[in-house]
Amino acid sequence: MTDATIPAPKPASPRRQGSFDHIVYVLKDNPVTMLAFAMFAVLIFAAVLGPALAPYDPLATDAAIALQPPSAAHWFGTDNLGRDVFSRTIVATRLDLLISVAAVAISFVVGSALGAAAGYWGGWLDVALSRVLDTIMAFPLFVLAMGIVAALGNTIENIVYATAIINVPFYARLVRAEVNIRREAGFALAARLAGNSDIRVLALHIFPNALPPMMVQVSLNLGWAILNAAGLSFIGLGVRPPTAEWGIMVAEGANFIVSGEWWLAIFPGLCLMFAVFTFNLLGDGLRDMVDPRRRT
Amino acid sequence: MRLAQAIPVVLGVVLVSFLLTRALPGDPAAYFAGDAATPESIAATRAKLGLDKSMPEQFLRYCGDLLRGDLGQSLSTGQPVLDELTRRLPASLELTLTALLISCGIAVPLGVLAATRPGSWVDHLCRVLVTAGVSLPTFFTGVVLIYVFYYLTGWAPSPLGRLDFIYIEPPTVTGFLLIDAALDGDGETWAAALRQLILPALTLALFTMAPIARMTRAAMLSALSSDFIRTARAAGLTSRKVLFAYAFRNALLPVVTTLGMVFSFTLGANVLVEKVFAWPGIGSFAVEALVASDYAAVQGFVLCMALLFVALNLVIDMAYSLIDPRIGFDSK
Amino acid sequence: MLSIKDLAVAFRTRRGEVDAVRGVSFDVAEGEVLGIVGESGSGKSVTSYALMRILDAGGRIKAGEATYGGVDLRRASERDMQGIRGREISMIFQNPRAALNPIRKVGRQIEDVLRRHARADRQNGRAEAIRAMEAVRINDAAARYDAYPFELSGGMCQRIVCAIALACDPRLLVMDEPTTGLDITTQKAVMELVTDLIRARAMSAILITHDLGLAAQYCDRLVVMKDGEIVEAGDPGALFSRPAHAYTRKLVDATPRAGASIRSLLPAEVRTPEPPRRITDEALLEVRDLVKTFAGKSGPVHAVRGVSFDVKKGQSVGLVGESGCGKSTTSSMVVRLLDPTSGEIRFEGTDLAQRPAAGFARDPMRSRIQMVFQDATDSLNPRHTSRQTIAEPLRAMAGLRGRAQGQRIEELADLVGLPRTLLDRFPHQLSGGQKARVGIARAIAVNPSFLILDEPTAALDVSIQAIVLNLLADLRARLNMSYLFVSHDLHVVRLLCDHVVVMKGGEIVEQGSAEQVMTAPADPYTAELLSAAPKPPAPRAAA
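Taken in order, these protein sequences are the chains called A, B and C.
Using the UniProt record's numbering, the first residue of the first sequence is number 1, and each one after it goes up by one.
Using the UniProt record's numbering, the first residue of the second sequence is number 1, and each one after it goes up by one.
Using the UniProt record's numbering, the first residue of the third sequence is number 1, and each one after it goes up by one.
For the record, the hints were derived by calculation from the structure and aren't laboratory data.
Where hints are given, some of them may not hold.
Dumping the calculated SDA-like pairs for lysine to any residue here, alpha-carbon to alpha-carbon at most 20 Å [said to hold, decoys possible]:
no.: 1; chain 1: C; residue 1: LYS297; chain 2: B; residue 2: GLN5
no.: 2; chain 1: B; residue 1: LYS241; chain 2: C; residue 2: ARG126
no.: 3; chain 1: C; residue 1: LYS297; chain 2: A; residue 2: LEU204
no.: 4; chain 1: B; residue 1: LYS241; chain 2: C; residue 2: ARG87
no.: 5; chain 1: B; residue 1: LYS241; chain 2: C; residue 2: ARG115
no.: 6; chain 1: B; residue 1: LYS241; chain 2: C; residue 2: ILE103
no.: 7; chain 1: C; residue 1: LYS313; chain 2: C; residue 2: ALA477
no.: 8; chain 1: B; residue 1: LYS241; chain 2: C; residue 2: ALA477
no.: 9; chain 1: C; residue 1: LYS297; chain 2: A; residue 2: LEU59
no.: 10; chain 1: C; residue 1: LYS297; chain 2: A; residue 2: ASP126
no.: 11; chain 1: B; residue 1: LYS241; chain 2: C; residue 2: LYS297
no.: 12; chain 1: B; residue 1: LYS48; chain 2: B; residue 2: ARG68
no.: 13; chain 1: B; residue 1: LYS241; chain 2: C; residue 2: ARG137
no.: 14; chain 1: C; residue 1: LYS105; chain 2: B; residue 2: GLN79
no.: 15; chain 1: C; residue 1: LYS105; chain 2: C; residue 2: ARG137
no.: 16; chain 1: C; residue 1: LYS250; chain 2: C; residue 2: ILE61
Label pairs and their calculated CB-CB ranges [claimed, not checked]:
no.: 17; chain 1: C; residue 1: GLY16; chain 2: A; residue 2: ASP57; range: 55 to 61 Å
no.: 18; chain 1: C; residue 1: ALA147; chain 2: B; residue 2: SER239; range: 52 to 58 Å
no.: 19; chain 1: B; residue 1: THR131; chain 2: C; residue 2: LEU479; range: 39 to 45 Å
Backbone N, C-alpha and C fix where the C-beta goes; we use that ideal spot for every residue, glycine too.
Generate coordinates for the entire structure from the input sequences, incorporating the hints supplied.
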C-alpha cells in the first residue's frame, strides 16, 4: 500500500489526555469520589459474577437448617426455608441493577429527546410536553408506579416501564431548562452563524453542555430507581418469590423481625442501602468530573 | 384563580386513571365479573360497566361516576371503595402530617445552622444525614427501628396498627386519634396512640428530612452570598436581622418548591411504611387490594392519592405567592 | 479621618491562600473624595470590603491597620462594627437590582436601617423612610415605599441603595462601581445626585471604579491599583498629564476620550501607523424600513419601528443607543438570526429579509455576513478548544478538512495575534482578551465581507479594549471588510467608525458622519448622550 494510507504516528490527542489527567486529578483531590468508584466496582463485580460467587444455590431449600443465625458456613444466616441469605443477597445484585439501569436508560433517552426538542423549538411541542409532564407529576410518583404495574400486569418488564415513566419528567424538565437557557447563548448563536443546522447546533453544541447536570441526575436516579423497584417488590409487585431480590427479601424477613431473626431482613436491606449510597456518592463525584470549568 | 389553574391538572389525573382502568390485561369485564363468571354474567358486567360503548362515552360515564362519588365496589371487602377510603384516610393523614412536621421541624433548622457554620460539626452532621438519608429505603428503616425499639429494647409497643387493642378508641370526631383522644380528655389513650405513632412517623420523617435539609442548606448558602446580604451587612443590620429577615425568607422560596417533591415521596413512602407497621391507612388497604387483584380499590386509591397531592400542591403554590411578591405580577 | 496602612487581604482557595491585596496604604481626609482606580482583579473592591469588615467567607485581613476616627476597624468587635456600618461608614454597590432584597418592600429596607441605628421607631419609621427617599430625589416617595425592587428601574434601584446608605447621615460613603450596568444618562444622574449630597452634607467618600474618566471627573485625589498594590497616587490632573508609572500611563492612554485617535489608545512604544483603507460609494448593505414587533404578555412590543440606513463597501458604521433602544434587535435581524416583521435587508442588491433566518445557516450568503459577540465568555462553547471553535465555520462553510483546515486555523491565529500554543486550550483557560481573539478568528475564518460587532469590548478592561479595537482596525484594512459596530458608548464608536447611527426607542434619531455627529449633534438626545459621558482630562499633548 502507499504511504497515504498509513496514518502518521499521532501523539495521544491532547483532549483525551486532558480528560484523563483531569479524572486522575479529581480522584486524587477527592477521596470520597474514589471510594464511590471502588464501591461501584464492587457492585459491578457482584452483578457480573453473581451466581459464580455465591457459595450455595440461592433457591435450594433445606428445612433442617432453617432460620440459623449467621455463622462461618452461612455468613448471613439462613432463612425460614433454609436458603443461604448470603448467596441470595449476592445473586440479587444483578437483577436489581438490571431493573434500575434499564429503567434509567429508557427515561434518559426518551426524556432527553423530548426535553431537548421542547426546549429548543418551543411552541406547541413545548406546551403539549409540559401538560403531559404536569399530569405525570400530579401523581405521587411511587403511587403512579403502583397503578401502572397493577394495570399493565405484574411482571418485571412492567416494573422497568413504570419506573422509566415516573422518571421521564425529571430528565425532560432538566434538559428542557438546560437547553432553553443555552438556546440564545452566544456560543449557540455563533454556531448557527458558522453554518450549522439547528439539529447540529442542538446535538453538538447545546446538548453536550447540558450533560454535566444530566450525569448527576442519572447517578442519583439510579439510586432512586433501585429504591423504587425494591419498594414495589416489597409490596408484592413485579418480582415473585422465590426469586432472590432485595426488596422481596426484606419483605419476607420483616415477618421474622418481631421474633428476633434480624439477619433475614437486615442483610439484603444493607446491600440495598449500599447500592443506593454508592450511586448518590457517585452523583456528587461526577459533578466535579464532568464540569470542564474545574479542569486545570 | 389558583383553583382554576388546578382544573386541567385534575382533568389530566382523571384521564390517566381512566386509561389505567382500560389498560387492564385481558378482558376487564371478565375481570370484574369475578372468578366464578359465566359468559352471560361477563356480558352483563360488560354492559353494566359500559365497556360496550365508545371510548369517549366511557370516559364521560367514568367522570359522571366520579362526580357522584362512585369509585366502584371493592371485591375483597364488598364495600364501596369510597367508604373504605374515607374510613382509612384519617389514619394515613395523621401519619403523614406528623412525619412532615417532625422532618420540617428538624431539617429546616439543621440546614440553616449548617449553612451559617460551614465546616462545623453541624455542617458535617447535616451532610451525613443528607447523604445517608436519601439512601435509606423506608421499609428497611422501619424494619430496623422495629428490631431496635421493639424487639431489643422493648421501648415501643408492638408494631400493629394505631392503637393497642387494650385501649378503646375515642369517639370519632376528626378521625385523627391524637385529636379525638385529646377532645375526649382521655390522656391514657392519647399517650398510647402517640406511642404507636412515633416509630412509623419517625421512619417517614427520616426519609423526608434529607431532601429538605439539603435544599435548606443550599438555599441558605446561596442567599447568604447574594449581593443584597452584603448591602444589609454594610448598612449595619444585626446578624440576626440579616439572617432571618433577609437571608431566610429568600431561602424559603426554593425550600417551599422542594416541599412539593417531598410530598410526592412521602405519599409514596407512606404505602411502604403502612405495610411495615400494619397501619390501617389507605396505603395498606391498597397493598391488600393489589395482592388480591382488587382492581377498583387500587384505582380508587391512586386517584385519591393524586387528588390529595394536587390539593397539597395548591397549598404550596399559595404559600409561595405569600412569600414572593413577584408571583402574580407576571400573569397580570 | 480614615487611615489605611499596609493593608493585606488573603483568600482561602482550593489552591491555598491567595493574596488579593498587598500592603495598601491611603488616607481619606475630612470632606475629601478619593478615587480608587484599577482593572478587574486589582483588589480595589476587596480593599473596601476589608475596611468595612464584610469580606466574603474565606477572606481575611492578614496584616495592616485601618483606623476610622480613632477606632481600630480591624480589632473592633463585630457588635461595634455593626454600629459603625451604616451610621458612620456606609456603602453603595454595583448592580443595584441585585443589591436589594428582592422580596422586601424597598421602603421597609430603608426603615430597617433607620430603626437599627435608632433614627426611627415603629411609629415614625414609615415617615422617616419616605423622608430618606425624598432626600435622594425620588418623586412620589410615599407610593414608592411599597414597591418591590423588580418593579423599579435600574436607576431607581440605585437611588434606593443610596437612600439606604445615606439614611443615617454617615460621615464616609464608599461607592463600589456605583454606575456599572446603568445607562450613560442614568449614570450621570446618579453620580450628580451622590456628589451633590456628599458636598451638601460635607461627607467624605471613596469612589471605586474601573473608569478613569469617571474617577477623574468626580474625585479630588486618585490612587491607581494593580494586582493588589497601589502603583501611583495623586490628583487627577497631574495623573493624567504626567503619569509617573508605566501602568498609569497605559491606562490613561487606553481611556477613550474626545479627540483621541484609535492608535493613541495604545502605549506609545507599540504604535504603528494606521493602515490605509478604501471606502467606496457602492452600497454593501441597505436596510429599509426595518420593523420588529414582538408579542408581549401585555400587547405587542415594538422593538424596532422602521429603521433605514446604508453601509458602503469598506465603511464602518456605528449603531449607538442605550439599553432597550432596539440596536441589538436590529443587528440580530441584519445578521439573519431573527426574522423582521417587515422591511428590507438588501445585501449586495439581494433582499435577505426574504430568506427565513431558520434556514439561513445553509445559505451561500451565510459566509458573507458574520458576527463578533458581546461576551467572549458566553459566546465560546465551554467544551470546545479554541481550535475546535475556529474549525466550526471552516468545516461547515468552507468545507475544509484535515491538514488544510489545520493550516488555515494557524493562519487565523497568527492573524488575530493568538499564540498558537493557546489553540488547544479551553475557554476557561484563556484571558478575556484571548477569548475575544478566538471569537474574532472564528468570525473572519470564512472571509466575510461584512462583520457585525456587538459590543465586542464591553466586558473587557480598557487596556485590553484598546488592543482589541486596534486589532479590529487592522483586520478591516487587511481583509477589506465593512463593519456594523453596535455599542452604547459614542466615544468608542467614534474611534472605529466613519458613520454613526443613533437609536432611541426603536427609531433612528440621528445619523451622519462620525465627526459631524460627535462635534455638532443635531438631535438633543445625541447631545445628551455626549454630555453624559465622563470627560477625562487630556493627557500630555506630546506623545
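Status of each hint after checking the structure:
1. C:LYS297 - B:GLN5: The hint holds at about 18 Å.
2. B:LYS241 - C:ARG126: 18 Å, holds
3. C:LYS297 - A:LEU204: 33 Å, violated
4. B:LYS241 - C:ARG87: 16 Å, holds
5. B:LYS241 - C:ARG115: Holds: LYS241 of chain B and ARG115 of chain C sit about 11 Å apart, inside 20 Å.
6. B:LYS241 - C:ILE103: Holds. LYS241 of chain B to ILE103 of chain C sits at ~15 Å (cutoff 20 Å).
7. C:LYS313 - C:ALA477: 12 Å, holds
8. B:LYS241 - C:ALA477: 60 Å, violated
9. C:LYS297 - A:LEU59: This hinted pair is violated, its Cα atoms lying about 65 Å apart.
10. C:LYS297 - A:ASP126: 18 Å, holds
11. B:LYS241 - C:LYS297: 37 Å, violated
12. B:LYS48 - B:ARG68: At roughly 16 Å apart (the allowed maximum being 20 Å), ARG68 of chain B and LYS48 of chain B satisfy the hint.
13. B:LYS241 - C:ARG137: Outside the cut-off at roughly 28 Å; violated.
14. C:LYS105 - B:GLN79: Outside the cut-off at roughly 56 Å; violated.
15. C:LYS105 - C:ARG137: Distance ~18 Å between LYS105 of chain C and ARG137 of chain C Cα, so the pair holds.
16. C:LYS250 - C:ILE61: 30 Å, violated
17. C:GLY16 - A:ASP57: 55 to 61 Å: 57 Å, holds
18. C:ALA147 - B:SER239: 52 to 58 Å: The hinted range 52 to 58 Å is violated for ALA147 of chain C and SER239 of chain B, with Cβ atoms some 27 Å apart.
19. B:THR131 - C:LEU479: 39 to 45 Å: The hint (39 to 45 Å, Cβ to Cβ) is violated, given that THR131 of chain B and LEU479 of chain C are roughly 57 Å apart.
This entry does not satisfy hints 3, 8, 9, 11, 13, 14, 16, 18, 19, going by the numbered hints stated previously.
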